[in-house]
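Below, each chain spelled out in residue letters.
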Amino acid sequence: MFESLSDPVDVLSACVEGRLEPLRFRWRGRVIRVRKVTGRWHRREGQSQLQYFSIEDASGGSYELCHDPRGPKWILSRVWVERTG
Amino acid sequence: MSAKDSTRMILLIDMDAFFASVEQAHHPHLRGVPVMVCGDPSRRGVVTAASYEARPFGVRAGMPLGEARRLCPQAHYVEGNPDKYVALSVKLLDLYLSISPDVEPFSVDEAFLQLARHGSLAEAREIARGLQAEIDRRFSLGASVGVGPSKLVAKMASGVQKPRGLTAMDVPAFQRHFWPLDVQELWGVGPKLAARMRSLGITTVGELAHAPTALLKGNFGIIGPQLKEAAAGHDETPIVPCHRGVEPKSMGHEVTLPEDSSSIPFLEGTLLRLSDQVARRLRSDRMAGRVVCVKLRNHRFETMLRQRVLSEHTRESRRVFEVARTLWRENWDGGPLRLIGVTVSDLEPTEGGGQTELFASDLRSQTLTAALDRVRDRLGEASIVPAGALTHRGHASHVPFGTVPLASSPEDRPEKRRVTSPAKGR
Numbered sequence: 001m002f003e004s005l006s007d008p009v010d011v012l013s014a015c016v017e018g019r020l021e022p023l024r025f026r027w028r029g030r031v032i033r034v035r036k037v038t039g040r041w042h043r044r045e046g047q048s049q050l051q052y053f054s055i056e057d058a059s060g061g062s063y064e065l066c067h068d069p070r071g072p073k074w075i076l077s078r079v080w081v082e083r084t085g
Numbered sequence: 001m002s003a004k005d006s007t008r009m010i011l012l013i014d015m016d017a018f019f020a021s022v023e024q025a026h027h028p029h030l031r032g033v034p035v036m037v038c039g040d041p042s043r044r045g046v047v048t049a050a051s052y053e054a055r056p057f058g059v060r061a062g063m064p065l066g067e068a069r070r071l072c073p074q075a076h077y078v079e080g081n082p083d084k085y086v087a088l089s090v091k092l093l094d095l096y097l098s099i100s101p102d103v104e105p106f107s108v109d110e111a112f113l114q115l116a117r118h119g120s121l122a123e124a125r126e127i128a129r130g131l132q133a134e135i136d137r138r139f140s141l142g143a144s145v146g147v148g149p150s151k152l153v154a155k156m157a158s159g160v161q162k163p164r165g166l167t168a169m170d171v172p173a174f175q176r177h178f179w180p181l182d183v184q185e186l187w188g189v190g191p192k193l194a195a196r197m198r199s200l201g202i203t204t205v206g207e208l209a210h211a212p213t214a215l216l217k218g219n220f221g222i223i224g225p226q227l228k229e230a231a232a233g234h235d236e237t238p239i240v241p242c243h244r245g246v247e248p249k250s251m252g253h254e255v256t257l258p259e260d261s262s263s264i265p266f267l268e269g270t271l272l273r274l275s276d277q278v279a280r281r282l283r284s285d286r287m288a289g290r291v292v293c294v295k296l297r298n299h300r301f302e303t304m305l306r307q308r309v310l311s312e313h314t315r316e317s318r319r320v321f322e323v324a325r326t327l328w329r330e331n332w333d334g335g336p337l338r339l340i341g342v343t344v345s346d347l348e349p350t351e352g353g354g355q356t357e358l359f360a361s362d363l364r365s366q367t368l369t370a371a372l373d374r375v376r377d378r379l380g381e382a383s384i385v386p387a388g389a390l391t392h393r394g395h396a397s398h399v400p401f402g403t404v405p406l407a408s409s410p411e412d413r414p415e416k417r418r419v420t421s422p423a424k425g426r
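So the sequence lines, in the order shown, correspond to chains L and U. According to the working numbering, the first sequence is numbered sequentially starting from 1. According to the working numbering, the second sequence is numbered sequentially starting from 1.
Treat each hint with caution, since some may be false.
[Unchecked claim] Facing chain U, from chain L, some residues (calculated, C-beta under 7 Å):
| no. | residue |
| --- | --- |
| 1 | 38 |
| 2 | 51 |
| 3 | 54 |
| 4 | 56 |
| 5 | 58 |
| 6 | 62 |
| 7 | 66 |
| 8 | 69 |
Think of the hints as simulated: they come from the structure by calculation, not from any bench. Just so you know, these numbers come straight off a predicted model, no measurement behind them. Here a beta-carbon is modelled for each residue, glycine too, at the ideal position from N, C-alpha and C.
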């Protein structure tokens, strides 16, 4: 199931043909490499446009990152965790 | 049907299990397995969308989560994200608009597209096939498409094959396919209307197409002959392109509570939050409404709708809340509620920030409302919320698919209070 988070994370990103592309990020001491951006969308919050990215890492892990231009800052908003029990 | 319409070609593009498919597209490990999109999965609520893998288990949209879990315990439950679905829906509309300027959004996951050049059914079918491939390539999503000479035929054809179906029909093909089917299969005929038709001996779409016009008019009024035309596959309803815009008929919000509640502060806070959201939308869209409706659903799933017509149009949070609260107090029997909703209808456009009510609001209140709206425009909806809605502390922003946390402290749950009249639920 997805766990909702609001964890600030450091993200290494690139701007490719005018599009923001997250490449890797550090979360809880681990560096997670982005294998593929599987989805992207945006949400307006007041005058700011937040960009969201669905991300798959090399081991099949699933995450959602949010780029908030105010700051600017990156937030890890969701992570898939396997159900236990 | 006019000669002009006989050559127009319309597509109805229906995204397959849209919300669930978006989650599967964005999260590859969810592909090929049952997925339910819902509100917060840790709370109770209903299934908003079920993937095609979940449907053989009997799970359907609208089903309570508890029942869905019993039917399909192995499914993955994903909290829905309306912002994501709306953003994708807009991207899909952009794709449709690259084919034709005549695109009419029908819902977040359906749209009509009228081809710019009138051609044959076979040509339209090929365009539809190409569009399906492009949707798959760009978004990894499936769509079922109906093709026909009218919105009616396209809409009904889109449901013939799912998922990723493509069905093209002219009027004779429509009649061959739908005439033997139950009359309720006709677009626009619901269970109650179908039951009345059956009582007149009209059981199939074909029988409706051949029923005497006078009989239909006598029993169903003006809609009777219209349904007869529809049953024959005839429809001249024009496409209303999205660039032309359609004014909404009503605006509303409703929430399924995380657990049945009879807590007065909690229910009142919920009503306040809903009223504030509705009024805020009215102001954002420069609309005002004259009818306030409250929807109450109890723990037995009995739903009650009560409305009041105001003496003048309003878009003020306080006014909407006052009326909604009065309706709630007059009609609630004090028993546990499962769902609450507030809707404002009979809308009309308002100019700028002008006053819509003659005496209802003083200048100071309006100035304050305008200032608060400016803060929300700048910082977002969650930046300011009514103090009375803080029974939802920490979850004050819009919550996807209508779940709000229940106030937890004991003092938030006072003794049940008597209300002015018993429920008049159906």
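Open item on the list: Check the structure against each numbered hint from earlier and tell me which ones fail, lowest number first.
Closed with: 2, 5, 7, 8
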